[in-house]
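Visitor: Given the structure of chain A, go ahead and fit chain B onto it with the hints provided.
Residue-level listing of the chains:
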Amino acid sequence: MITLGTALAFAGAAVAAGFAGVGSAVGVGIAGQAGAGVVSEDPDKFGNVLVLQALPGTQGIYGLLIAFIIVLNLGVIDGNVKDLTTFQGMALFCAGLPMAIGGLMSGIYQGKVAASGIYLCAKRPEETGKGIILAAMVETYAVLSLLISFIMVNGVKL
Amino acid sequence: MLIAMKKATLFALKEDRDAILLALQKDGNIMLISEGDKTQTLEGADKVGDQIAKAKDALKFVDLHGKKDSMFASRLPVSYDSFLHESKEGSDLADQIEALSGKIMSLRNEASTMTSQVDALQPWTDLDIPLEQLAPTDTSVYFAGYLPELEKEAFLEDIKELAAEPIVLKEAPEGRAMLIFCLKEDAARLKHFLKAHDFTDVVFPKRTGLVSEIAVDLTEAARVKNLRADELEAEAKKIAESKAELQLYYDQLTAKEERLANGGVETEKTFYMEGWVRNDRTVQVERAIRSVTDAYQIEFNDPAEGEIPPTEMENNSFVKPYESVIELYSRPQAGSIDPDFLMAPFHFIFFGMMLSDAGYGLVLTIGLLIAMKLVKPQGFAGKLGMVILFGSISTIIWGALFGGWFGLELHPLLFVPMKEPLKMLALCFGLGVLHLVCGMLLKAYMLIRDGDVFGAFCDEISWLIMFAGFFCMAFVPGPVGKYLALAGAAIIVLTGGRDKKGIPARLMGGLLSLYNISGYMSDLLSYSRIFALGLATGVIAMVINTIAQMLMEAGPVGTAVAVLVLLGGHLFNIVINVLGAFVHSSRLQYIEFFGKFYEAGGKAFVPLAIRTKYMNVTK
Chain A
4 MITLGTALAF
14 AGAAVAAGFA
24 GVGSAVGVGI
34 AGQAGAGVVS
44 EDPDKFGNVL
54 VLQALPGTQG
64 IYGLLIAFII
74 VLNLGVIDGN
84 VKDLTTFQGM
94 ALFCAGLPMA
104 IGGLMSGIYQ
114 GKVAASGIYL
124 CAKRPEETGK
134 GIILAAMVET
144 YAVLSLLISF
154 IMVNGVKL
Chain B
20 MLIAMKKATL
30 FALKEDRDAI
40 LLALQKDGNI
50 MLISEGDKTQ
60 TLEGADKVGD
70 QIAKAKDALK
80 FVDLHGKKDS
90 MFASRLPVSY
100 DSFLHESKEG
110 SDLADQIEAL
120 SGKIMSLRNE
130 ASTMTSQVDA
140 LQPWTDLDIP
150 LEQLAPTDTS
160 VYFAGYLPEL
170 EKEAFLEDIK
180 ELAAEPIVLK
190 EAPEGRAMLI
200 FCLKEDAARL
210 KHFLKAHDFT
220 DVVFPKRTGL
230 VSEIAVDLTE
240 AARVKNLRAD
250 ELEAEAKKIA
260 ESKAELQLYY
270 DQLTAKEERL
280 ANGGVETEKT
290 FYMEGWVRND
300 RTVQVERAIR
310 SVTDAYQIEF
320 NDPAEGEIPP
330 TEMENNSFVK
340 PYESVIELYS
350 RPQAGSIDPD
360 FLMAPFHFIF
370 FGMMLSDAGY
380 GLVLTIGLLI
390 AMKLVKPQGF
400 AGKLGMVILF
410 GSISTIIWGA
420 LFGGWFGLEL
430 HPLLFVPMKE
440 PLKMLALCFG
450 LGVLHLVCGM
460 LLKAYMLIRD
470 GDVFGAFCDE
480 ISWLIMFAGF
490 FCMAFVPGPV
500 GKYLALAGAA
510 IIVLTGGRDK
520 KGIPARLMGG
530 LLSLYNISGY
540 MSDLLSYSRI
550 FALGLATGVI
560 AMVINTIAQM
570 LMEAGPVGTA
580 VAVLVLLGGH
590 LFNIVINVLG
600 AFVHSSRLQY
610 IEFFGKFYEA
620 GGKAFVPLAI
630 RTKYMNVTK
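So the protein sequences, as listed, match chains A and B.
Heads up, my numbering is the position in the first sequence plus 3, with the first residue counted as 1.
Heads up, my numbering is the position in the second sequence plus 19, with the first residue counted as 1.
Hint data in this document are derived by calculation from the structure and do not stem from the laboratory.
Being a predicted model, the structure only gives us computed values, none of them experimental.
Be aware that one or more of the hints could be misleading.
Listed next, the in silico PhoX-like pairs over lysine-lysine satisfying Cα-Cα at most 20 Å (straight line) [stated by the list, open to error]:
{"id": "1", "chain 1": "B", "residue 1": "LYS395", "chain 2": "B", "residue 2": "LYS632"}
{"id": "2", "chain 1": "B", "residue 1": "LYS26", "chain 2": "B", "residue 2": "LYS622"}
{"id": "3", "chain 1": "A", "residue 1": "LYS160", "chain 2": "B", "residue 2": "LYS438"}
{"id": "4", "chain 1": "A", "residue 1": "LYS133", "chain 2": "B", "residue 2": "LYS79"}
{"id": "5", "chain 1": "B", "residue 1": "LYS79", "chain 2": "B", "residue 2": "LYS257"}
{"id": "6", "chain 1": "B", "residue 1": "LYS79", "chain 2": "A", "residue 2": "LYS48"}
{"id": "7", "chain 1": "B", "residue 1": "LYS75", "chain 2": "A", "residue 2": "LYS48"}
{"id": "8", "chain 1": "B", "residue 1": "LYS171", "chain 2": "B", "residue 2": "LYS210"}
{"id": "9", "chain 1": "B", "residue 1": "LYS622", "chain 2": "B", "residue 2": "LYS25"}
{"id": "10", "chain 1": "B", "residue 1": "LYS395", "chain 2": "B", "residue 2": "LYS638"}
{"id": "11", "chain 1": "A", "residue 1": "LYS160", "chain 2": "B", "residue 2": "LYS442"}
{"id": "12", "chain 1": "B", "residue 1": "LYS33", "chain 2": "B", "residue 2": "LYS73"}
{"id": "13", "chain 1": "B", "residue 1": "LYS210", "chain 2": "A", "residue 2": "LYS133"}
{"id": "14", "chain 1": "B", "residue 1": "LYS179", "chain 2": "B", "residue 2": "LYS214"}
{"id": "15", "chain 1": "B", "residue 1": "LYS203", "chain 2": "B", "residue 2": "LYS189"}
{"id": "16", "chain 1": "A", "residue 1": "LYS133", "chain 2": "A", "residue 2": "LYS85"}
{"id": "17", "chain 1": "B", "residue 1": "LYS622", "chain 2": "B", "residue 2": "LYS339"}
{"id": "18", "chain 1": "B", "residue 1": "LYS402", "chain 2": "B", "residue 2": "LYS622"}
{"id": "19", "chain 1": "A", "residue 1": "LYS48", "chain 2": "B", "residue 2": "LYS632"}
{"id": "20", "chain 1": "B", "residue 1": "LYS622", "chain 2": "B", "residue 2": "LYS75"}
{"id": "21", "chain 1": "A", "residue 1": "LYS85", "chain 2": "A", "residue 2": "LYS126"}
Just chain B, same shape as in the assembly:
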């Protein structure tokens, strides 16, 4: 059900503000409202933002160089008191890692620049002229660059008539490296030939010595830099072992950021804050503040006209996991209804019918129990896991009823859907009718609760009367059914257009309302997907078994492959069909069921609380 919210208004002294925020965060029951520009973010909020970014980068670096966390890493417990004291060690670690990673990156960059320079110089290593001497003289000039290999012969022919001296060096991807000297007077003609043969100029780096020596020096320097970077990385690996401190630091910083985000509206000595508190938690909130100071004033009021409080749902532990299904769609609007208690059993049943293989249900149940014991997921993921766990139990039940065990047909307690499709369809449509009727009854309840009894009668009860009429027509002999159906239809036609003015418009409205029957028909047909999905699981399992059987007839090698096929195939089938069963069970709730009564658009209730990514804070 939806919990009523109260709006809290708090006045207190600024000198107590930090302690009050800390106490409220520990209590975790109030969602602070921001007043837009008037709200003061507390001092240090920007700094914390930067610190968090630094810690995040440090954690990423540590993950890169340290041991990978196993998939099932659980959260480390830490006491609340230790959580309060900001980890100096964590802060130091973050600084150290920032410096280290910066150094490593610059070293690697320098080394790679040097290596690429060496590569560029490779074709010129045979040059026996030291670079500092390579310059024009009084009478001659030189050109250095690359000539495409194909042009070389033609080019050498062309320049024979000039007083030019080509020095042909190694080949490179850009072409043949060449150095050409010529007399100043011939420079223009040489340039013409160079252009004609696609010569590209090259500029040498400003270094002294032979190219070969320079290359050796650069390679050595790059090697030294890389070695140093390796040393630093080894250091980083050692630091990575203190990952836990860094994670603690990160969690502390995020909690601090949340605390500093909203300081309320302030004056010189006092501040004022508003927040939403659950109806049943107002005592705790006041106690948290009183533990800090008695110089405060707090008031709890119902939300004013037009104010929309956030939505929080409360359910017993069987229904609670199904809140995740609602959260995936959209929370109910404040003041409407939380349909979880009805939705949960239907979701449970539909999931089981769609997966419908008891063997898969067993595997899934055992697998999930082990996984959840190891990982202990919290919050949304935890609820989702429980939904699938319940679903897998449902699968065992329906699998036993339909006689599906890993694709084999064994002892169906009810009937086999594949052999009697019409019976199965009848079951699906029957459940569908039940589902839709529940939705309509819920809408009628909501209307009556809001005082619109006449509306409930005309819009919902009338349809129920008509459906009861159809039901009787099919199963109960005599004219009872016909009269009921006609009565229901009459009410719909006469009252469907009651918001309109004038008899013809009202009748038109009524007839149009009656036309909604097509909507109900398509909703009902939608439930046939339960049969289709259950069928899909069963037949694919059968296919896998058949293939394995065929392989087994091929001797021992075939048997070995068959075992692989069985394991892999059934696992694949489970994964695909769990996804399908969840998505379609949920979809039936969202579209067919919720379509009858649901008011979406609720805001999430996110109180100021300690929310950690890595640690598990125990109070």
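One chain only, chain A, in its complex shape:
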């Protein structure tokens, strides 16, 4: 039987995966639009462009990670969903929040930096590395969100 707690835990997994996924999707999309423009002028730059476009994609993966761990801990994979108390569920929901919000915003902004990095690589192909580093700076915050979400999820003993 699904208790309110279990439902709240599901909600936590849902927001973590969902919002972080949106962040990555928007970010990768923005970078992809820039990339298409650059490649239309110079198809040889496709490799560099692709690398830069892939950078904002990690937030979605981190969100999936947190969602998966919550779902794993709930026992969904083996088929026996545990009954959680309301407070356990709320704790797991809050544990998913950092990844959700952090992943959403950092993904979008990392996408914008990646798009600018793509324009940088169009003007100066030899400095693509610097564009990659600039985009990777934003990822710090996604990593911090991932970390704290993970520690919080781990801390809820079911």
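Guide: Just chain B, lined up with the frame of chain A:
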């Protein structure tokens, strides 16, 4: 370590200049300095530029029409002596291809113009009046054009009262093709109706005969042109097989362009050039010049005050590939330090911890070994490949330690990070502390080397004392730690503001220096990403395995799909996480490590040498 550079000044005779430049290019050890306007570009430099453009276009054309090079095409070897003689065959090929491609393009253009003319004439093919006869007469005029289909009925109604004869032809996208004759007196009223019903005029081409015949003629002519263009393209395909000659020619031209770019400053009979040479290569440079002539004077001097030589790094073969990581960021400034020897082991360790799956490490190692054997990348790409190869070996080690094999948990030699996150975080932070301490020690070394021992003590050693104090407070019982930490903090506060005037300003400066501890804290926290990235790899692998397992329970079809999911999913995971591991390992070096001591902004040392895109010149 950074190689010291010497500045070479050469005086020689102009008649020897070409031979000297050739010898220097073969030797590849001197980077010529341009004096701006005073430097003479040698004769033929512009011509070579045009030739290179022609060769490049020819190569592009050949790539379009010939066989595609496989991804793993290796460079063809060519001896230095053959490289010297400019390939006549290559030059002829370039000319031939230029002519061919020009002809093909003009033929295709003409054919397509004709085809579009035919399309324009399509609605008029039923017209039974030859075009040359279509003209106003003494009493009548005509209008030819398109009327929107919807207006046709209304228009025909309107003109019934006029003495006009409409000839309605085929429908076209622009409307219904129509030819209308009328008496001269009615022309004005007809024009009014035409305007009212959105009639658009059309102008016929100046040809003779019926429209249908003209269309047939044009179609035939276009077909002939296209056929001829096809023939020429087949010819081009044959020429494309001699691609190697063309590539050799291109490489020879680019080497020539580099040689002609800088002829030094000249007088009537002599010239003078300056260049940077590595400290340990001055003998070779002089020998190269002496092999041409003994009428020369060369001097090697240390760089003068204010002159900044380019930077060149030299390391043993384990550390050398990691120069690419520094090159991605910014070369060290001349006279500072090359941190490669410290950076390499940390990069190696961090990469392995971030990828942390021994199965992936194995796949990556084998894959890279095969790829590098086939492609034999040179220069920057070669170094980068080696960095990732070393990283994949590190991955095998850490994967075995953490028990990760393709996402399955097997025999961890150390512990499983997911099960004991705090232990893993402690490991990450411990390594982080080690990394930061190395950075600070490097800075202290640089300061002592430059003679500022007091500065090294106040700015670096003091912090180390304080950190040692914290360490002792946590692990060593007794007040040792507390006193050490307080001592360190005291030194920082008292000496942090030593550049300022007056006791209050100095104390303020000291307190602000102490505030830097927040900077160190955030640097340390950054190392937690090692845990996060390792976790990401492991959990995604687990997800892929779980999905495959669920599919396998659905019968044989499910099993087949599951195999695909496993292969595709793990491959995707490897690619994404190698990118992440490399970028973040490097980022930890650039921001946290280099931030402690690095002086960036070095210029690259690019000597005059034979640099080829396609050929592999053996001396």
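Visitor: Evaluate each hint against the coordinates.
Guide: Hint check results:
no. : hint                  : verdict
1   : B:LYS395 <-> B:LYS632 : holds (13 Å)
2   : B:LYS26 <-> B:LYS622  : holds (15 Å)
3   : A:LYS160 <-> B:LYS438 : holds (13 Å)
4   : A:LYS133 <-> B:LYS79  : violated (30 Å)
5   : B:LYS79 <-> B:LYS257  : holds (15 Å)
6   : B:LYS79 <-> A:LYS48   : holds (16 Å)
7   : B:LYS75 <-> A:LYS48   : holds (17 Å)
8   : B:LYS171 <-> B:LYS210 : holds (15 Å)
9   : B:LYS622 <-> B:LYS25  : holds (15 Å)
10  : B:LYS395 <-> B:LYS638 : holds (18 Å)
11  : A:LYS160 <-> B:LYS442 : holds (18 Å)
12  : B:LYS33 <-> B:LYS73   : violated (30 Å)
13  : B:LYS210 <-> A:LYS133 : violated (67 Å)
14  : B:LYS179 <-> B:LYS214 : holds (16 Å)
15  : B:LYS203 <-> B:LYS189 : violated (26 Å)
16  : A:LYS133 <-> A:LYS85  : violated (48 Å)
17  : B:LYS622 <-> B:LYS339 : holds (18 Å)
18  : B:LYS402 <-> B:LYS622 : holds (19 Å)
19  : A:LYS48 <-> B:LYS632  : holds (17 Å)
20  : B:LYS622 <-> B:LYS75  : violated (29 Å)
21  : A:LYS85 <-> A:LYS126  : violated (56 Å)
Hint check: violations occur at hints 4, 12, 13, 15, 16, 20, 21; the rest are consistent with the structure.
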